[in-house]
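Build the full structure now, drawing on both the sequences and the hints.
Number of protein chains: 2
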Amino acid sequence: MNWLDDIRWDDKGLVPVIAQEAQTGDVLMFAWMNRDALAKTAELGEAVYFSRSRSKLWHKGEESGHIQKVHAIRLDCDNDVVLLQVTQLGHEPGIACHTGRHSCFFQKYENGQWVSTEPVLKDPGQIYK
Amino acid sequence: MNWLDDIRWDDKGLVPVIAQEAQTGDVLMFAWMNRDALAKTAELGEAVYFSRSRSKLWHKGEESGHIQKVHAIRLDCDNDVVLLQVTQLGHEPGIACHTGRHSCFFQKYENGQWVSTEPVLKDPGQIYK
Numbered sequence: 000m001n002w003l004d005d006i007r008w009d010d011k012g013l014v015p016v017i018a019q020e021a022q023t024g025d026v027l028m029f030a031w032m033n034r035d036a037l038a039k040t041a042e043l044g045e046a047v048y049f050s051r052s053r054s055k056l057w058h059k060g061e062e063s064g065h066i067q068k069v070h071a072i073r074l075d076c077d078n079d080v081v082l083l084q085v086t087q088l089g090h091e092p093g094i095a096c097h098t099g100r101h102s103c104f105f106q107k108y109e110n111g112q113w114v115s116t117e118p119v120l121k122d123p124g125q126i127y128k
Numbered sequence: 000m001n002w003l004d005d006i007r008w009d010d011k012g013l014v015p016v017i018a019q020e021a022q023t024g025d026v027l028m029f030a031w032m033n034r035d036a037l038a039k040t041a042e043l044g045e046a047v048y049f050s051r052s053r054s055k056l057w058h059k060g061e062e063s064g065h066i067q068k069v070h071a072i073r074l075d076c077d078n079d080v081v082l083l084q085v086t087q088l089g090h091e092p093g094i095a096c097h098t099g100r101h102s103c104f105f106q107k108y109e110n111g112q113w114v115s116t117e118p119v120l121k122d123p124g125q126i127y128k
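So the sequences go chain by chain: A and B.
Read left to right, the first sequence gives residues 0 to 128 (numbering that gives the first Met the number 0).
Read left to right, the second sequence gives residues 0 to 128 (numbering that gives the first Met the number 0).
The reader is advised that the hints may include incorrect statements.
Since copy identity is lost for identical chains, a pair holds within one copy or between any two.
Straight-line Cα separation of at most 20 Å, DMTMM-like style, residue types lysine to aspartate or glutamate; simulated pairs [stated by the list, open to error]:
id, residue 1, residue 2
1, K55, D77
2, K121, E62
3, K39, E61
4, K39, E117
5, K107, E42
6, K68, E91
7, K128, E45
8, K107, D25
9, K39, D79
10, K55, E91
11, K39, D77
12, K121, D77
13, K55, E109
14, K39, E109
15, K11, E117
16, K107, D4
17, K11, D79
18, K107, D79
19, K68, D25
Since the hints were derived computationally from the structure, they do not count as laboratory data.
Here it is, written out as C-alpha cells:
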C-alpha cells in the first residue's frame, strides 16, 4: 500500500478530492478522503469519500443511487490533491449535486453577484427519500 | 462586495480553488484564495491565489509568465469551493504546473503505484530564471 503513503495527508489525515466527469470534462464536485476512503475507492472502482460533517466514510450514491464509477485516480505535483475521473451513474444526464443538479458548481459570478446557471434535473425530495 | 460575504471562508480565511482550462475542460491545478485574492481575481480577470507557504498573494504567472486569464468564477452548492475557468497563457500548449507540465495532475494510479503520464513541455530552469 505504498501508493497511499506517497500522499501528503493534511493534519486531519485528509486530502482534497476533485471529481470530474470523464466524458465531458465537467467538474462535478469537491470532497475529502482519508486513507480508508481512497483505499476503498481504488478497491471498488467507485468513489468513496470521507464526510467531515458525519466523520465517516461516505460511499457516494449510497442513498441517492448516484454512484460514481471511477476511471482514473490522479495525484497532483505536490502529492496533496487527488483528481478522480468518473462516470456519474443513476440518472441521465448525471446528477452529482445534492440539489439535484449535474454539477455542484452551478453558481456563476456575474456583475457582483452569484447567479444560478444550471437546472435542477431531479427534485432532491425524490432523490433522498 | 456582498458576493465575497457569500463565501464560507475556512477558519484560516481561505477557500479552495480549482482551475480548469476553459477550452479543453482539463483540470490544471488546485490552490487557495483569501478574500483579497478573490477580489483581485475578479478585478483583474486574472487568477490571483494566496500562497500558504509564503503567506502572501500570488499573481499566477508573475514569475513564469504563465498568467491565467479568467473566463468564469464559479461557486459550489455549499459556498465553500471556487472553480475558475481559465485560458492558460504564456506557452502553447498551456503550462500550469511548476514542473513544466500542462496540468499538475500528471500522476496516475496504476496497479498500486503512481505513474507520470504527461510530458514536461518546458524545463522549469527556463521558466523560473
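Hint check:
Taking the shortest alpha-carbon separations for K55 and D77, only the inter-copy value of 19 Å comes in at or below 20 Å, while the best intra-copy value is 26 Å. For the homomeric pair K121 and E62, the shortest alpha-carbon distance inside one copy (14 Å) is at most 20 Å, but the shortest distance between copies (46 Å) is not. With identical chains, the CA atoms of K39 and E61 are at most 20 Å apart within one copy only, with a shortest distance of 14 Å there and 40 Å across copies. In this assembly of identical chains, K39 and E117 lie within 20 Å of each other by CA distance neither inside one copy nor across copies; the values are 31 Å within and 26 Å between.
Within a single copy, K107 and E42 get their C-alpha atoms only as close as 36 Å, which misses the 20 Å cut-off; across copies the closest is 15 Å, which meets it. Proximity of K68 and E91 under a CA criterion of 20 Å is satisfied intra-copy only: 14 Å inside one chain copy versus 33 Å between copies. In this assembly of identical chains, the alpha carbons of K128 and E45 never lie at most 20 Å apart, being 22 Å within a copy and 43 Å across copies at closest. For a Cα distance limit of 20 Å, the shortest separation of K107 from D25 qualifies both inside one copy, at 15 Å, and across copies, at 19 Å.
Taking identical chains as interchangeable, the C-alpha atoms of K39 and D79 lie at most 20 Å apart only when both belong to the same chain, with a minimum of 18 Å there against 26 Å between chains. For the identical chains of this complex, K55 and E91 are neighbours neither inside a copy (29 Å) nor across copies (43 Å), given an alpha-carbon limit of 20 Å. In this assembly of identical chains, K39 and D77 lie within 20 Å of each other by CA distance neither inside one copy nor across copies; the values are 22 Å within and 25 Å between. For a Cα distance limit of 20 Å, the shortest separation of K121 from D77 across copies, 18 Å, qualifies, whereas the shortest one inside one copy, 38 Å, does not.
In this assembly of identical chains, K55 and E109 lie within 20 Å of each other by CA distance neither inside one copy nor across copies; the values are 36 Å within and 26 Å between. Proximity of K39 to E109 under the C-alpha cut-off of 20 Å is restricted to the inter-copy arrangement: shortest distance 15 Å between copies versus 39 Å within a copy. Taking the closest pair of Cα atoms, K11 and E117 never come within 20 Å of each other, the shortest separation being 33 Å inside a single copy and 30 Å across copies. In this assembly of identical chains, K107 and D4 lie within 20 Å of each other by CA distance solely across copies; the values are 15 Å between and 37 Å within a copy.
Within a single copy, K11 and D79 get their C-alpha atoms as close as 13 Å, and across copies as close as 18 Å, so both meet the 20 Å cut-off. In this assembly of identical chains, K107 and D79 lie within 20 Å of each other by CA distance solely across copies; the values are 13 Å between and 27 Å within a copy. Taking the shortest alpha-carbon separations for K68 and D25, both the intra-copy value of 15 Å and the inter-copy value of 19 Å come in at or below 20 Å.
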